[in-house]
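Participant: One letter stands for each residue in the lines below.
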Amino acid sequence: MSIAPSIKALTEAGKLCKFPLQSRQLPKRRLFLTETALKDLQSPNSATNILGVRGFIESAMTRWVLGQRVFADDKGKPRFLKRLDSPPPEIWEIRVIEPRVQARLFGRFAEPDTLILTRFHSRGVLRDRKKSAAHDSEWQVAMKECEASWNKLFPGEAPFSGPNIHAYVTENCDDFTI
Amino acid sequence: MTSQSKQIAMSANERDDYGFARVRDAAYDGVMDLWRRRKDQGMTQAQLADALGGDAGWLSRNLRGPGNWTLRTVGRFVQALNGEVEFKVHGLEDPLPVRSNYHAYVGYEPEMTATAGPTVRQRGCVTSSVSGPVILKGPVKINTTVVVP
Numbered sequence: 001m002s003i004a005p006s007i008k009a010l011t012e013a014g015k016l017c018k019f020p021l022q023s024r025q026l027p028k029r030r031l032f033l034t035e036t037a038l039k040d041l042q043s044p045n046s047a048t049n050i051l052g053v054r055g056f057i058e059s060a061m062t063r064w065v066l067g068q069r070v071f072a073d074d075k076g077k078p079r080f081l082k083r084l085d086s087p088p089p090e091i092w093e094i095r096v097i098e099p100r101v102q103a104r105l106f107g108r109f110a111e112p113d114t115l116i117l118t119r120f121h122s123r124g125v126l127r128d129r130k131k132s133a134a135h136d137s138e139w140q141v142a143m144k145e146c147e148a149s150w151n152k153l154f155p156g157e158a159p160f161s162g163p164n165i166h167a168y169v170t171e172n173c174d175d176f177t178i
Numbered sequence: 001m002t003s004q005s006k007q008i009a010m011s012a013n014e015r016d017d018y019g020f021a022r023v024r025d026a027a028y029d030g031v032m033d034l035w036r037r038r039k040d041q042g043m044t045q046a047q048l049a050d051a052l053g054g055d056a057g058w059l060s061r062n063l064r065g066p067g068n069w070t071l072r073t074v075g076r077f078v079q080a081l082n083g084e085v086e087f088k089v090h091g092l093e094d095p096l097p098v099r100s101n102y103h104a105y106v107g108y109e110p111e112m113t114a115t116a117g118p119t120v121r122q123r124g125c126v127t128s129s130v131s132g133p134v135i136l137k138g139p140v141k142i143n144t145t146v147v148v149p
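As they're listed, the protein sequences go chains R and X.
Last residue of the first sequence? That's 178 in the working numbering, and every number before it is there in order.
Last residue of the second sequence? That's 149 in the working numbering, and every number before it is there in order.
Since the hints were derived computationally from the structure, they do not count as laboratory data.
Be careful, since some hints might not be right.
Stated by the list, open to error - Going by beta-carbon spacing under 7 angstroms, a handful of chain X positions derived as facing chain R:
1. I8
2. A12
3. A49
4. D50
5. A104
6. G107
Backbone N, C-alpha and C fix where the C-beta goes; we use that ideal spot for every residue, glycine too.
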């Protein structure tokens, strides 16, 4: 059963917001932002905006919605979109890799070609993942926060899960391992 | 958050970054399209590195993504791939050459209908390809592609 009616209801309730595409072209993929993600995008005091990367973030989101290439590098490592190592499962990031400051846009797939972004993070804050299980790293905290946001929006509904990247991104995507 | 009308527009500096990133990404996509085609035709990364003057490290870094790309980067790749650049800027109000009936948000939004068009706001956007002379045609939208001469 499609999750579209849930997304539609959440959009009507103001809990989700469609990314406003600025293009004469029609959208080919879907992108929704939670209230928190929208605040991260727009608030002058958000971590990402203090670092001045909003233009690059909007460009990355535009790439996604217009259906432009989801690319990997020459060694087959994902560069634009990556599924993070679980647990929790099915947490994805859009990687905004710029010369100045990098950002990571966390979210989950609701359906193929449909991303729900829950929170934006500065890469500088998400320091290296710790090997020790004694304390959560910033990455794990951020991933759990993403999972909690999802559960609040879609109680009882699991995020989309597929066998390979092409199940998630149906067109114009490099072949890389997830 | 109650509606998209409450969304805050980007500042002038943020629009600059957005415009730069869109143009750079368009150039990257155009070059990568031709590079994929060359690979399908049998060209190897070592051969491309040779065509770029033997700098394999530079090539590997720049194939990872468009993060540090400049116009010189684009030009080097286009020449090494035996391509040509075509650059076109559209107004956001310009009609699409082919009108598609597909709209990704149909069924996901309360107000969306099958014939709804894109949201057009106050500024521009970019897509990609590379080939030939530069033609600037209007203030806002840019198209780039890489083609074989």
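Participant: All the hints need checking, so say for each whether the structure fits it.
Facilitator: Hints and how they fare:
1. I8: Nearest chain R Cβ about 4 angstroms off; hint holds.
2. A12: Violated, because the Cβ-Cβ distance from A12(X) to chain R comes to roughly 10 angstroms (cut-off 7 angstroms).
3. A49: 11 angstroms, violated
4. D50: 15 angstroms, violated
5. A104: Since chain R brings a Cβ to about 4 angstroms from A104(X), closer than 7 angstroms, the hint holds.
6. G107: Nearest chain R Cβ about 5 angstroms off; hint holds.
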